[in-house]
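*Asks:* Chain by chain, the residues:
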Amino acid sequence: MSLTAMAWRYLRFRWFVSLLTLFGIAIGVALVSAVLALRHQSEQAFSKDAVLYDLVAGGKGSPLQLILSSVYHLDSPTGNLPYSDYQRFQHDSRVLWSAPIGLGDNYKGYRIVGTEVHFFDLPDQDGKPFFQLARGRIFEDTFEVVIGSQVASSTSLDLDDVFFGTHGLVEVPGAEIHRDFPYRVSGVLAPTGTAQDRAIFGTLSSVWEIHESEDRLHSAILGSAVLESRQKREATAILFRLKTPGLRLWMADEIRNSTQGIATVPVNEILRFQRSIIDPLQRILLSISAAVIVVAFLTVFLTLYQAAERRRQDIAILRALGALRSEIAFLVFFEGLMLAAIGIILGLLLGHGGLALGSETLYAKTGFLVHPWEISKTESFALLAMGLCGAIASLFPAITSYRRTPILDLQLNE
Amino acid sequence: MIRLNKVSLRLGNASRSSSVQFDLPNFEAAQGEKVALIGPSGCGKSTLLNLVAGLYRADAGKIQVAGSNLPTLTPAQLDRHRGAHCGMVFQTFRLLTPFTAVENVAIGLRFGSRKGMDVQTKAREVLRRVGLSNRLHARPNQLSVGERQRVAIARAIAGGPSILLADEPTGSLDPKTGREIFRLLLEIAEADNCTLLMVTHDLTLASELPNRFDCSKLVKTNKNEDGKEANSA
Numbered sequence: 001m002s003l004t005a006m007a008w009r010y011l012r013f014r015w016f017v018s019l020l021t022l023f024g025i026a027i028g029v030a031l032v033s034a035v036l037a038l039r040h041q042s043e044q045a046f047s048k049d050a051v052l053y054d055l056v057a058g059g060k061g062s063p064l065q066l067i068l069s070s071v072y073h074l075d076s077p078t079g080n081l082p083y084s085d086y087q088r089f090q091h092d093s094r095v096l097w098s099a100p101i102g103l104g105d106n107y108k109g110y111r112i113v114g115t116e117v118h119f120f121d122l123p124d125q126d127g128k129p130f131f132q133l134a135r136g137r138i139f140e141d142t143f144e145v146v147i148g149s150q151v152a153s154s155t156s157l158d159l160d161d162v163f164f165g166t167h168g169l170v171e172v173p174g175a176e177i178h179r180d181f182p183y184r185v186s187g188v189l190a191p192t193g194t195a196q197d198r199a200i201f202g203t204l205s206s207v208w209e210i211h212e213s214e215d216r217l218h219s220a221i222l223g224s225a226v227l228e229s230r231q232k233r234e235a236t237a238i239l240f241r242l243k244t245p246g247l248r249l250w251m252a253d254e255i256r257n258s259t260q261g262i263a264t265v266p267v268n269e270i271l272r273f274q275r276s277i278i279d280p281l282q283r284i285l286l287s288i289s290a291a292v293i294v295v296a297f298l299t300v301f302l303t304l305y306q307a308a309e310r311r312r313q314d315i316a317i318l319r320a321l322g323a324l325r326s327e328i329a330f331l332v333f334f335e336g337l338m339l340a341a342i343g344i345i346l347g348l349l350l351g352h353g354g355l356a357l358g359s360e361t362l363y364a365k366t367g368f369l370v371h372p373w374e375i376s377k378t379e380s381f382a383l384l385a386m387g388l389c390g391a392i393a394s395l396f397p398a399i400t401s402y403r404r405t406p407i408l409d410l411q412l413n414e
Numbered sequence: 001m002i003r004l005n006k007v008s009l010r011l012g013n014a015s016r017s018s019s020v021q022f023d024l025p026n027f028e029a030a031q032g033e034k035v036a037l038i039g040p041s042g043c044g045k046s047t048l049l050n051l052v053a054g055l056y057r058a059d060a061g062k063i064q065v066a067g068s069n070l071p072t073l074t075p076a077q078l079d080r081h082r083g084a085h086c087g088m089v090f091q092t093f094r095l096l097t098p099f100t101a102v103e104n105v106a107i108g109l110r111f112g113s114r115k116g117m118d119v120q121t122k123a124r125e126v127l128r129r130v131g132l133s134n135r136l137h138a139r140p141n142q143l144s145v146g147e148r149q150r151v152a153i154a155r156a157i158a159g160g161p162s163i164l165l166a167d168e169p170t171g172s173l174d175p176k177t178g179r180e181i182f183r184l185l186l187e188i189a190e191a192d193n194c195t196l197l198m199v200t201h202d203l204t205l206a207s208e209l210p211n212r213f214d215c216s217k218l219v220k221t222n223k224n225e226d227g228k229e230a231n232s233a
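Going down the list, the sequences are from chains Y and X. Mapping the first sequence onto our numbering, position 290 (from 1) lands on 290, and the numbers just tick up by one. Mapping the second sequence onto our numbering, position 138 (from 1) lands on 138, and the numbers just tick up by one.
Okay, chain Y solo, but in the shape it has when bound (with noise of 0.2 angstroms):
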């Protein structure tokens, strides 16, 4: 029987004790797993997200609120620029590629859209078109529309088929719903990772059409004028793809100084939200579960310590049989590597699981992608410092062990 056999055997033989040990390790390293990748996916979407566009101009109001709304599709929009802001940047020299966009409606949750055909010639970091289709074409009439993936795979939208935008950008029950103004799939996008896997892609003309037809009721009710609507004509932001990033910020004063509205820079206002309120977040969850990790390892020095000294006489007869010093020491070590190795792997197992468990709901919600199986380097070296834990809390009683002078503990009678 080899020494790994015999360690093993020792674990199975307490099993209550090294099952309540593996679940504390295991928690601690589910915890620290989960965080780690949560935190390493959350900055790749999002970044993946961020660097789709140079500059988001929109209404005056937060830039990040601008940037959640129209770039992630979550925040409200701060409002709104004359449609004629965007015609006079469009064609600036600066301008590699831009689009307006228009929101007002959704479908199920999902936020419709309203842009222009040329929104999917945007080119992605090596230049090549960001929206592939997945099947069907981009639309060509006023109310056609392309959906993102997530919005077919859950609302089961498909090619030609008919739905009704709902007024507001949140799915609110009782929202009035604009039955006199049907949209119909023209095109499915394939999945591309990000938050516009959730968008309903329509045209901006479709929005203006059902908002002004919304106006001339309300005025007609309250008597009042309606304005022409081609002079009110707005978009709720523009997004711009730079000829080079070094004029963004150039780009951006500009827009502010001459427009009503601002403009900001996507990449900078998510470095700023993570590292003001996502990084605070994660370090507090990377202590507790830190915390958690220490204790569990104080458990397995515990715990070994505690058998060690309960099997001072097996020890001792190992020793009389013939067994090394270095063998008990070893014996014993093992036992700790190995309630580590199996807690480190079970945790990995749980926390990924529980990641790979939510990361549908999480994709349905807000459009983030987890990659629930995907360990990063920061995660490894983590996963690595656990294991170096787990070796030095088993070192202890090794050493002891080893140290064991079998005579005392054999205490023989006489």
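Treat the hints as calculated values from the structure; they're not laboratory data. All values reported here derive from a predicted model rather than from experimental measurement. Some clues are possibly wrong.
One-sided excerpt, in silico: chain X residues whose CB lies under 7 angstroms from chain Y [as the list claims (entries may be wrong)]:
1) Asn50
2) Leu55
3) Tyr56
4) Asp59
5) Gly61
6) Leu73
7) Ala76
8) Gly83
9) Met88
10) Ala106
11) Ile107
12) Phe111
Quick reminder that beta carbons are idealized off the backbone N, C-alpha and C, glycines included.
Keeping the supplied structure of chain Y fixed, place chain X upon it in accordance with the hints.
*Replies:* For chain X alone, kept in the frame of chain Y given last:
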């Protein structure tokens, strides 16, 4: 085979004057000799046994066991020497509780530097020899006390040691079982031509061994500061 000459050993806490001094002028046992170590409790019988096993290191003197001078061996060499040449049997059996009978014997074989041996086959064979062929996979708590001592004997003899050191092997057994165990130990020692050193308080059993060594004058108890006798070894 075993020769101890002018061996001395101080046991206990010397600084608190509660130590005992073990002095053995001379002890010899030839190959295959069977010796009963007798004497009152605390007289040094087990100490002598443990000196032969190399579990105690003498402060002075020569201890020749199976061709090696024990005081000159390193701790690791001592452990391996013990595993290779000495089989130990204890009063309270000292079986490893998580392991079955056959595993207890196999573990005994593992540490004896007996390379190339089919440990499992040997362990089964030895258990059959002590009459436990039907209890191979029983754990210590499933065995009777007599069976436990048989497993302990199997473990001690499995590696084919040249010396059997038995410390009151019948001390925890009823007289009938004790006699059976004593007979078994003796038969095995005779069959394998082992040197047997057996500590016992049972003078009837001791009288059945060809040689007896009286240990009653090996230990001197030091007086502590109050002039009272300190604890014996």
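*Asks:* Does each hint hold? Answer for all of them.
*Replies:* The hints, checked one at a time:
| no. | hint | verdict |
| --- | --- | --- |
| 1 | Asn50 | holds (6 angstroms) |
| 2 | Leu55 | holds (5 angstroms) |
| 3 | Tyr56 | holds (6 angstroms) |
| 4 | Asp59 | violated (15 angstroms) |
| 5 | Gly61 | violated (18 angstroms) |
| 6 | Leu73 | violated (13 angstroms) |
| 7 | Ala76 | holds (5 angstroms) |
| 8 | Gly83 | holds (2 angstroms) |
| 9 | Met88 | holds (5 angstroms) |
| 10 | Ala106 | holds (5 angstroms) |
| 11 | Ile107 | holds (6 angstroms) |
| 12 | Phe111 | holds (4 angstroms) |
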